[in-house]
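Participant: Just need the whole structure built from these sequences, with the hints factored in.
For the protein sequence lines, the chains are Y and P, in the order given.
All residue numbers for the first sequence refer to our numbering, where the first residue is 1 and numbers rise by one.
All residue numbers for the second sequence refer to our numbering, where the first residue is 1001 and numbers rise by one.
Any given hint might turn out to be false.
To be verified - If you want the footprint, here are the derived chain P segments under chain Y, 3+ residues with CB under 8 Å:
1. 1118-1125
2. 1136-1142
Claimed, not checked - Derived pair list, reagent style BS3-like, types lysine-lysine, alpha-carbon separation capped at 30 Å:
3. Y:Lys-155 / Y:Lys-21
4. P:Lys-1065 / P:Lys-1215
5. Y:Lys-155 / P:Lys-1210
6. P:Lys-1006 / P:Lys-1215
7. Y:Lys-78 / Y:Lys-21
8. P:Lys-1006 / Y:Lys-155
9. Y:Lys-21 / Y:Lys-72
10. P:Lys-1002 / Y:Lys-155
11. P:Lys-1065 / P:Lys-1002
Note that these hints are calculated values from the structure, not bench results.
All of these numbers come straight from a predicted model, not from anything done at the bench.
Note that the Cβ used here is the ideal one computed from N, Cα and C, for glycine as well.
Residues per chain, in single letters:
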Amino acid sequence: MNATVIIALIRKEFLLELRRKSVIAGLGLYLFSLIFICYLTFSLKANSITPATWSALFWLTMLFSVVNSVAKSFIGEKRGVFIYLYTIASPQQIIVAKILYNTLLCWLITLAGYLLFSVFIFNPVQDNLVFFGALFLASIGFSTTLSLISGIASKANNSNVLMAVLSFPVVISVLLMAIRATKNSLDGLDRSASTDELLNLLAINCIAGALGYILFPYIWRS
Amino acid sequence: MKSWLKILGIVLLLYVHTAGLLMDVPRLAILNETVRALYFHVPMWFGMVLLYMLSVYYSIHYLRKPNPDTDSKSVAYAHVGTAFGILGIITGMLWANYTWGSPWHGDPKQNGAAIALLVYLAYFVLRGSLENEEQRARLSAVYNIFAFAAMIPLIFIIPRLTDSMHPGSGGNPGFNAYDLDSRMRLVFYPAVIGWFIIGLWIASLRIRIKRIEEKLDYNPS
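Facilitator: Here it is, written out as structure tokens:
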């Protein structure tokens, strides 16, 4: 484990991302269109959606944008890049760098999504601490699970379909916990009501992170 | 597989089917005679979880020491585990239809079980879409381990956090406090063991078929 290599890898991801502006623009537009569609289909009666619907809608939107953006962390990379990375870094360094970078990306996406949701639909959050805690932890959960699965899916031919099929059942536990904690924060329940969910999210993150770290070298080898 | 184990499995299941349907069961409100479904529904889940554990065990084994035989074992256990899971869902739906009023009740354990099945169906899709055999074995082993770890919170933790109509969660008494009295235990435990042995038997047959197929592939004459 060498921190400088990891930082260099993360920097490389950022530079690449910033250079290909169309990718970021596409991501932003994807998020915007999803939320706009939600707005168009739900806002006829502005206050008719309940907190439960809001949180489910919010997290589904986040799930789709996050899956799309994290999926490309291994899918669509050129073969030459893989071989180059293979020579300069150990698989552990690569997966840690990818997970950290994807976590940052997920935070950005969820925060932007929250902003757009509060502009277009409405902002029913009553307990900010629990809500942002759920946002923070669920983003880590998404990035750890999806990074590894993106690595698996990138080896197959129909990787985009496979990405969705493989990731949804695995991500569901993160999603359920996040939706439940969010709903509690929207209802303004006491904080102690959501600690269970947040701790569960943390535990799932630890399991997924540790497994990703151990298992990734086996994916990387080919 | 040893033949005494096979005979034991058959004898146990014959006993479970006769005793399970004929022996006295405790009279409980709502459940009434449907409590007999316990002998056929719950062992399916025990069998599924145990078979999936074996599948994960062989996946770990494969990653440590790659060998096509361990891979085919891991697939065979996953296949039989999925068959048990589907039977468990069907028997559960039948039971729920009579006690809860509808076959699919949105019960967290029911949903968790359905998701666990989705995980393994995705595992088979993954295997189907990889062509290189060595790569298929390796990647599906990784997914198997990862998905199993992600599935545990679904089946064992989430149902305990929320209200469930299954015993053992949401303030309902667990198995032991439940009226699983000694008479029912006499049938229930043999049922679990019997079904599990049958699962192992089916899996071992599948493994042997796979071995024969591989041998035939090597020398087709």
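Participant: Are the hints correct? Go through all of them and say.
Facilitator: Status of each hint after checking the structure:
With 4 residues bearing a CB less than 8 Å from a CB of chain Y, the segment 1118-1125 of chain P meets the requirement of three and the coverage assertion stands. Residues of the segment 1136-1142 of chain P lying with their CB closer than 8 Å to a CB of chain Y number 4, which satisfies the three-residue condition for coverage. At roughly 26 Å between alpha-carbon atoms, Lys-155 (chain Y) and Lys-21 (chain Y) fall within 30 Å of each other, so this suggested pair holds. Only pairs whose Cα atoms come within 30 Å are accepted, and Lys-1065 (chain P) paired with Lys-1215 (chain P) is accepted, the gap being roughly 21 Å.
About 25 Å separates the Cα atoms of Lys-155 (chain Y) and Lys-1210 (chain P), which keeps this hinted pair within 30 Å; it holds. Note on Lys-1006 (chain P) and Lys-1215 (chain P): the hinted pairing holds, with a Cα-Cα distance of about 26 Å set against a maximum of 30 Å. For the proposed pair Lys-78 (chain Y) and Lys-21 (chain Y), the alpha carbon gap of about 18 Å is at most 30 Å, so the pair holds. Taking the CA atoms of Lys-1006 (chain P) and Lys-155 (chain Y), the gap is near 41 Å; set against the 30 Å cutoff, the hint is violated.
Proposed proximity of Lys-21 (chain Y) and Lys-72 (chain Y) is supported: the alpha carbons are some 15 Å apart, at most 30 Å. Using a Cα cut-off of 30 Å, the hinted pair Lys-1002 (chain P) and Lys-155 (chain Y) is violated, with the two alpha carbons roughly 40 Å apart. The hinted pair formed by Lys-1065 (chain P) and Lys-1002 (chain P) meets the criterion: a straight-line CA distance of about 26 Å does not exceed 30 Å.
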